[in-house]
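Student: Guided by the hints, dock chain U onto chain S, whose structure is given.
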Amino acid sequence: MRATRLLAVAFFAACASARADVISQRPDSVAITFYHEGAVDTSELLNAGENSSIRNSGLAFITEKRTIDLPAGPAVVKFEGVTSTMVPQTADIQGLPTGALERNFDYDLLSPGSLLAKSIGETVRLVRTDTKSGKRIEETAIIRSGPDGAVFEVNGKFEALHCSALPEKLIFEHIPGGLTDTPTLSVRTTAPEAGRYTVTLSYIATGLDWSADYVAHIEPGSDKLELRGWLTLANFSDTGFDHVPVNAVAGELRTTGADRPLRAQPLVLTTNCWPTKIDWAKYPLPPPAPPPPPGPLEMVVVTAERRAADIQSVPLAVTAYTQQEIKAQALGDYKLYPLPEPVTVAARQTKQIQFVYRPDVTFKRVYRYSVYGSEADPNQKTEVVLRLRNRTEDGLGKPLPAGGVSVFETSDDGTPIFAGQDSIGDMAEDLPIEIKTGGAMDVPVEARVTEYTTTGSGRKDREKMEITVENKKAVPIEFEIRQFAFGSARIDSDAHFESESGFAIWHFHLGPGERETLRYAMRWPA
Amino acid sequence: MRLSAICIAAVTLAGAASAADQQQKLSITVYNNNLALVEDERRLDMPAGRTRLEFKDVSASIKPETAALSGAGFGVVEQNFDYDLLTPSKMMEKAVGHEIEIVRTIPGTGAQTREKATVLSVNSGVVLRVGNRIEVLSADGLPTQVVFDSIPENLRAQPTLSITVDAAQAGPHDVALSYLTTGLSWNADYVALFDEKQNTLKLQGWITLTNNSGTSYKDAKTQLVAGDINITGRYQNNWQPPNSVRSAGTQTSNEASIADYYLYTLPERVTIAEAQTKQVSFLDLGVNAKKVYKYRTYGFQSAQDPVHADVDVDFSNTEKALPEGVMRVYLRDQAGEPKFAGEDNIAHTPAGSELSVKIGEAFDVTVQPTLVSSEKISNARTRYAMSYLLRNAKSEPVTVELRQDGLWRGGKVETESLPSRRIDAGTLGWSVPVPANGETTLTFTVDSGD
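For the protein sequence lines, the chains are S and U, in the order given. The opening residue of the first sequence carries number 33 in the working numbering; numbering runs sequentially from there. The opening residue of the second sequence carries number 37 in the working numbering; numbering runs sequentially from there.
For the record, the hints were derived by calculation from the structure and aren't laboratory data. Hints may contain errors.
[Said to hold, decoys possible] Below are the DSS-like pairs computed for lysine-lysine, each with C-alpha atoms no more than 25 Å apart in a straight line:
| no. | chain 1 | residue 1 | chain 2 | residue 2 |
| --- | --- | --- | --- | --- |
| 1 | S | 492 | U | 412 |
| 2 | S | 189 | U | 130 |
| 3 | U | 257 | S | 110 |
| 4 | S | 256 | S | 505 |
| 5 | S | 505 | S | 359 |
| 6 | U | 238 | S | 97 |
| 7 | U | 233 | S | 359 |
| 8 | S | 189 | U | 152 |
| 9 | U | 412 | S | 496 |
| 10 | U | 430 | S | 359 |
| 11 | U | 327 | U | 233 |
| 12 | U | 92 | S | 189 |
| 13 | S | 110 | U | 254 |
| 14 | S | 468 | S | 505 |
The shape of chain S in the complex, shown without the other chains:
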């Protein structure tokens, strides 16, 4: 491959004698800024195939510093070793002495098919080898047709390639211009004088994503929880980043869907021979399509995808700094988290770094029963809700980027038990946070409609509800009943209730074994 590329470069240089080709093989340094697009789900990434559209998701901003030696006069600078998921139209190059006259992204891939297609009319050498004697016969041939089935001309006669079952191959003198082994970004520029320049290449790439993941630990009987937040970085592109500075940006960016990497499709070589393998058994009914001919080179299919590392070995790397927190900086109206030290983000890797550690966060555990319709839903369970306030007095007071929250409760024998999972949106400081962990077993609720009246036309206009709750737990609990009051519904209740976010909410404090019954009426005025 190396030799081929050198050959290609030599050829380009020979063709374009007026301007010099400069190749920047790799960046001196790389910095990545990850943006949050969705929750990172490593199992989903593991199951996604090579060409899955998931590989187009995720967004990162990559900045590369490169050193290039420019000759005086016009030059074309080719950038090799860029991230394979680069979105080419977002590339920006700073630091060239006179700027970029034009930027090009070439993806006419060198493959057996394109080699043949671009050689139509060219003279090549045809080599046939006798399998018994090993004797090679070499002839000069002119290519007459391309990758849909090659026909060549030898001594004024015409033959087809790979239709005779003879070992035969074509030898090309050079690679036709414009073909490239991998999609390549280049700029055309002019330097007033020769010299060494440091340029900054920046671009958007996909296949990189991050999400926040929180883990809350609750000791038995405690009203404080320990909250750890993890930055989960996912790299599902083909490019690994070794020891690079990383930033993560929290907040919702608007995207248009235009940022997609260009997936170059190589030209496929087929033989399209006449039928050579006769299936006598099928006679006299001819099969609709001629079967493919024999021979090891009957069809050469080349794909541009590099084979990924063994999919089984995708690692989940966890870097723990037990007390570590990362302080958010402002980037406009987003939060930017600079990772404290350079990290390695390998291709097909999910990496986690702690960025929030709050050992004593005040929370309130509330048991909640909600009535959404005008009738009680027998499947409605009592939910367990943890309420936090994102403020310093409560042991928090940090911007919390959107992500999943996993809650663990330590059981009496000291083992942590997974108690449920919820997700939160971007939580600015001072906002209330609610984490639903699941259904409560020991707080049975019985809800029923005791009476209703209708208007003359049959419309329900008044309904009486009765909700009974019992605390079968060994500890006192805070209990809430919520009635969703949609439209112009009115609620009549002797017990005090609050209105919040469209709900009427009644609060109860229930000691162990205590029962409470709430009666209220809903009205829908005409």
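Tutor: Showing chain U alone in chain S's frame:
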């Protein structure tokens, strides 16, 4: 583009072809919607009378019915587009009834035998007459070469446009071939560096030209047309990206224009290679811009969770029309490095327009709506009492532009905690100041109207 640019059919002067090449001049006009006009000027030697000219180097995605050859001193008799492509199996099919040569290689010795054969049929197998025997080709599985004397006349390596002309006199003629092709498209990509302290936007525009037409265009004079051109017989995508133009401008941009479209001409001839995305800078503009927090709601309802306010960048393109494309906004981080901050679509925008580009949502500025009460005034009218809690976790005060949609005929504000203004018949607007690390509650009662 391949060097053997033109082949004149066998009867004509072969030498004329390469002489014509050097004078070839290409002009390409690219449209936004996967369409380009190619004009190809060259000097051709023609004999007097009828000649068939083959143009093998035109775009592989040519729309042949749009091809036209013009010039003085000759007339066009007919033009053909042949796309019966040369493959081995096609060659064999066309050889039915003709003689071919078969060369067999004996595996043990490597000795070769050559025989003439006539192809009788090609139907899931090739049946041959060799001398007075009837055989099936390769029935024994032995290596068998087939040698043809010629390529059938209508089979070609590439689809080929041919034009038969009738010249009055022999000699060089200047001709211009023009045609439409698909596979070429362009749009604009904008890089906008926003400085929220200085309230400026540094706007760079790039023309992004994509060539998937199957052919390269060498040293072409390139023009790009901005505007929506109607094309028949094609699926019309009527979906428009959400429009970022708040008020369309009335200024005339200083770009050249043709008919109702703007025309951008690249400063020098460029080579547009096959499978290439080419970007050329066309705009460098500094404008005043300001950041605006916006929250827009279309009805009267509660939300259980706070909703983040939108962050828009408002600016005007005073001098330059902006062709359709994607605007990517960058902000400088604390270290002064530009970082990507969001993007929005821009439609073809006349100069002097007011644009509002949404870049994302504010982490620290949230709005939580609560429908406090709703009561029926009459069958169609409802009185809504709304309360909006606006929170600001930033260390500086902000103003949120709140838009409440959902008023009908005769709808009006009854009470309000801050003065509103009517944006349009159905929309109310408030500019709500929210102190640093604080909150503001906006309350109002409206009669929805009918």
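Student: Just pull the numbers of the violated hints for me, sorted ascending.
Tutor: Of the numbered hints given earlier, the structure breaks just one, which is hint 5.
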